[in-house]
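Trainee: Listed below are the residues making up each chain.
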Amino acid sequence: MSVNYDKYEAVIGLEVHAQLLTQSKLFCGDSAAFVNEPNTHISPITMAHPGTLPKLNDKAIEYAIKLGLACNCEIEKINYFARKNYFYPDLPKGYQVSQHTTPICKGGYVTIKTENGEKKVQLNRIHMEEDAGKSIHDQDEHYTYVDLNRAGVPLCEIVTEPDLSSGDEAYAYLTELRRLVRWIEVCDGNMEEGSMRCDANVSIRLKGETRLGTKVEVKNLNSIRNVKRAIDHEIKRMIEEVENGGTIIQQTRSFDANNGTTFALRTKEEANDYRYFADPDLTPFHISDEWLKQIQSTIPELYESKVKRYTTELQLTEYDAKVIADERETADYFDALVQQTKNYKAAANWMIGPVKSYLNENNTSITELSLTPSSLAEIIALIDKGKINFSVASSKLFPALIKQPDVTASALATQLNLVQTSDSNEVASWVEEVLNKMPDKVAEYRKGKKGLIGLFVGEVKKLSKGKADPKLTNDLLLEKLNA
Amino acid sequence: MFSFSSIEAYQQQLKAGIITCADAVNFYLGEINKRKNLNAFIEVFAEEALQKAKALDAKRKNGETIGKLHGVVIGIKDVICYKGHDVSASSNILKGFKSIYSATAIQKLLDEEAIIIGNLNCDEFAMGSTNENSSYGNVLNALDEARVPGGSSGGSAVAVQAGLCMVSLGSDTGGSVRQPADFCGIVGLKPTYGRISRYGLIAYASSFDQIGVFGNNIPDVARVLEVISGADDFDSTVSSLPVENYTSQLNNSNKKYKIAYFNEALDHPGLDKEISHQIKGFTEQLKKDGHTVEPVVFEYIDYIVPAYYVLTTAEASSNLSRFDGVKYGYRTPDKNVDLTEFYKQTRSQGFGKEVKRRIMLGTFVLSAGYYDAYFTRAQQVRQLLVQKTNEVFKDYDAILMPTVPATAFKIGEKMDDPIAMYIADIYTVFANLVGIPGISIPLFKHSNNMPFGLQVMTKRFDELSLMQLSHQLMQQYKVN
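Top to bottom, those sequences are chains A and B.
Take 3 as the starting number for the first sequence in this note's numbering and just add one per residue.
Take 2 as the starting number for the second sequence in this note's numbering and just add one per residue.
No lab work stands behind these hints: they were computed from the structure.
Glycine included, each C-beta is placed from N, C-alpha and C at the ideal position.
You may find that some hints are simply not true.
Here are the simulated SDA-like pairs of lysine to any residue, each with C-alpha atoms no more than 25 angstroms apart in a straight line [as the list claims (entries may be wrong)]:
{"no.": "1", "chain 1": "A", "residue 1": "K136", "chain 2": "B", "residue 2": "G326"}
{"no.": "2", "chain 1": "B", "residue 1": "K345", "chain 2": "A", "residue 2": "E143"}
{"no.": "3", "chain 1": "B", "residue 1": "K345", "chain 2": "A", "residue 2": "A134"}
{"no.": "4", "chain 1": "A", "residue 1": "K61", "chain 2": "B", "residue 2": "S241"}
{"no.": "5", "chain 1": "A", "residue 1": "K79", "chain 2": "B", "residue 2": "S241"}
{"no.": "6", "chain 1": "B", "residue 1": "K328", "chain 2": "A", "residue 2": "K79"}
Quick list of the computed label-pair ranges, beta carbon to beta carbon [as the list claims (entries may be wrong)]:
{"no.": "7", "chain 1": "B", "residue 1": "K16", "chain 2": "A", "residue 2": "T146", "range": "54 to 62 angstroms"}
{"no.": "8", "chain 1": "B", "residue 1": "N252", "chain 2": "A", "residue 2": "E76", "range": "51 to 59 angstroms"}
{"no.": "9", "chain 1": "A", "residue 1": "S33", "chain 2": "B", "residue 2": "N27", "range": "33 to 41 angstroms"}
{"no.": "10", "chain 1": "A", "residue 1": "A280", "chain 2": "B", "residue 2": "K99", "range": "27 to 35 angstroms"}
{"no.": "11", "chain 1": "B", "residue 1": "A147", "chain 2": "A", "residue 2": "K79", "range": "56 to 64 angstroms"}
The following block holds chain A by itself, in its conformation from the complex (with noise of 0.2 angstroms):
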């Protein structure tokens, strides 16, 4: 029997934990970095102890905002946290502190772009919330182990609206979202590590229907890749399922990366009452349209606006700038570049080329370069002026300029010998050698062979080792020949 997938469509929303890159814990001083050794992060209050009480860490809240703005959510004024009450052992209070009910931002969207366009994900929320800990079962025969280090590391979960249609939009959205937070530095985005972790809500319709059909959620997805695989595979699952006449049901299941398919992790046949009421150990927190700029004049440029910019602005390619622009300290580097040359393509050029290929061969990164962008622009400034060549200054005075940041560029070529000569004696030395010690070619040449042109002018910019400046060898060539 075939089934007609074309009839349905998918109805997706996700739901994002992402780590805040805080030094401290959510409600605590205790360290919020990742440590392998069990239970080294932990005070009395991460431990739950009686008479514990949690103290709100501020950066915290900052970073929320700070996410929140970045996207276009609407940020709450005045907030407050409650308790989500349930029983597990790697959460020692026995309830979970977190803005469920009243969240700090509000709607906003995030831009993705797939092959069938632009599109504005809609964002349901952003709260804050505290991480649990981790069980581990697999340690022991008889008992689990808990790890409380993690407990108390501040979250924010990003919701979005049931808004996504394939597993490419979700992956393109998780793409966009993960550099968002690296971009904005509140997170840095490691789904392996589970600094950031993802849930998919996905459910199946007929085309043309409008309410929702009964979702499954998809857990346990340690990568964007696993994201998309999940969801298709979940979407080819349900509508089989339905094809066949059987019903979806509303139940919880584990992604699993080795073959690629779900399996039932539990049914929920009644909702758990988590009995969410304001954390009366927690006084509500105001948030100031002062400490609101404060926030938003500390949010850098983002990704979508640089790529606009570069594009428009500065002419360049949509591939060009996209190339730049993916990585903030690239896209850093280039914008202190475009402001010491109005080159921008050279400049674009110098970053896709020579830059990238040195920071790959050398396994570094941009923010270790030596070479500053005033150095780089001067570079861009001595081609335009016929001073040296690109071949020979992306090959020598680049690397060169490297190792001697601090001497300019101008006095680098000059030392090594680089600087292009215009002068026309000197020159048509090299071309009347070049042309002496080839006289069938220049034979060729005469009877109609003009393509050999270029063959001369590499010759005689071997000969002078690149000094020579192209254009007047073409000049002086072209007279010699002719004559």
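With chain A fixed as given, assemble chain B onto it according to the hints.
Mentor: Positioned in the frame of chain A, the structure of chain B alone reads:
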């Protein structure tokens, strides 16, 4: 022979070299031993207290400056954490648990050179009005051993009442300091919510709980309050308002106050007729002595107890979730159970009856379908009470009320009727609901020979007026 009247007198004797801290500690250790039957102490830190006393004596003899509570022998309720010492909230679920840190209030006591002599019996997790809900057994009222001392800080009250320590700390969520002070004939203060850090106080209901002080007189209580109040980085709900120097400003005996009382409280059908009569007579006396004392209409008196029990049990149901057998404390010995059964057995076996009743009640009022009818409604009542109370304090310096509608109950009298027990909290829970400070001062004696107190309340963070007025009343009207 050592005898104690006030901290000030004691410290003068110390400075004069008439007595030593060690004398005081030895005296109290002897008294505690003699009155073991009262069951006030859970554990006595005898060796440690004696060593501390000797160290303080040596320090004083060296001529070093002494702390505000130098040598003061203090007992603490078993809900306040003291590093390296057992703390159990009188519950089996925490039996044998040692605190690995000290409560902020305890640290402040120690910094001012107090001597902590032991921890004191109380109702389990501070839930109760008679100290009959303790896993260590009930505490006896030293004035009539057939009667309860009140609760939940029964041990703390009796320790001061029976002269087993100089002052003591309790905690007051709905009257747990003022009510036993009333039953025992001593002073019991519940400060403003947020005056004293709650860090290290085992939570019953977080938005109500406050550490309180028991003593024989106002200057002693004021001195302890002064030491343990103030801002704390470990408690977001504590106030950063500066702490006034209460002790040096107590004497203003000529000041005439504007005082309010509620007819709905003094004429309440649940109030003992004699208590009503004596307090009404007292208001007349105050008027004669030049104070303005007026009735204020307060229509919400019957909503107070229900709102209190809905909100406190809701908070308690969540606060007590951490006692799950996973990290510390009691754990079911049955190893052949799944996780759900593990929780059920641990908590069913570890908690006592009243605690389980309140956890279930609180879970119920927060449940989907009942939340709005109970929890939300009770929060609205609380808001209303706060507004009305603020209005009263626009015109008056203080509110007077009985502390408890009856004198100390007979042991076992109310244990089969929890609702009757709850209703008896009518006058004390008010201050916790609205967050104001309240004190019970032992001004009266009933014809049944038991003492009872007058409750005085002032506006939030006006502990100074509360101390001054109470001091004046104690000096002028206390019958010894």
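Trainee: Output the numbers, in ascending order, of every earlier hint that fails for this structure.
Mentor: Per hint list: 6 and 9 violated.
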